[in-house]
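A.B. asks: Taking the hints into account, I'd like the entire structure generated from these sequences.
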Amino acid sequence: VARIAMKDPEVELKLINASYDAEYLAYQMKYDSIHGRYDGTIEVDGDSLVIDGQKVALSHTRDPAEIPFKKHGAEYVCESTGVFLTTEKVQPHLKAGAKKVVFSAPAKDDSHTIVMGVNQETYDSSMECVSCASCTTNGLAPLVKAINDKFGI
Numbered sequence: 273v274a275r276i277a278m279k280d281p282e283v284e285l286k287l288i289n290a291s292y293d294a295e296y297l298a299y300q301m302k303y304d305s306i307h308g309r310y311d312g313t314i315e316v317d318g319d320s321l322v323i324d325g326q327k328v329a330l331s332h333t334r335d336p337a338e339i340p341f342k343k344h345g346a347e348y349v350c351e352s353t354g355v356f357l358t359t360e361k362v363q364p365h366l367k368a369g370a371k372k373v374v375f376s377a378p379a380k381d382d383s384h385t386i387v388m389g390v391n392q393e394t395y396d397s398s399m400e401c402v403s404c405a406s407c408t409t410n411g412l413a414p415l416v417k418a419i420n421d422k423f424g425i
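For the sequence shown, the positions run 273 to 425 when this note's numbering is used.
It is possible that part of the hints are untrue.
Taking lysine-lysine and the DSSO-like style, the derived pairs with C-alpha atoms no more than 30 Å apart in a straight line are [to be verified]:
#, residue 1, residue 2
1, Lys-371, Lys-361
2, Lys-302, Lys-327
3, Lys-302, Lys-372
Bear in mind the hints are in silico, worked out from the structure with no lab data behind them.
C.D. replies: See the structure below:
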């Protein structure tokens, strides 16, 4: 997510919360085993990363209420731990300053699920959190939609 965010001119990566230290995060981001080498610069500056010249703060807490979203201006949060997958469980994120939370996994409640190219038009700006479904759903749903739209299922 961080690598994609850094390459999108409409996104400003403000904060990464992770269990790992800055050196390890920099290494993992530079040499991703799936996506290959990062084609920009990644440096460590104390407990921050400097990615393509932009300083990105780090925090290291397991309690979302302690993540300094507000302090760093992080308004839109990608929740990737797989732990906080309900509207109730992301309330601490919102209280800590996040305006919206996107789950990177299927929700464990009736939180709305968005699959780009399939149902993104169902998003309502009043939603505080949404799920991006699973990797399987993201791979299959566009194909199923195309078949359904053309032939019906």
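A.B. asks: Evaluate each hint against the coordinates.
C.D. replies: Do the hints match the structure? See the list:
1. Lys-371 with Lys-361: Holds. Lys-371 to Lys-361 sits at ~14 Å (cutoff 30 Å).
2. Lys-302 with Lys-327: holds (16 Å)
3. Lys-302 with Lys-372: holds (28 Å)
Hint check: no violations occur; every hint is consistent with the structure.
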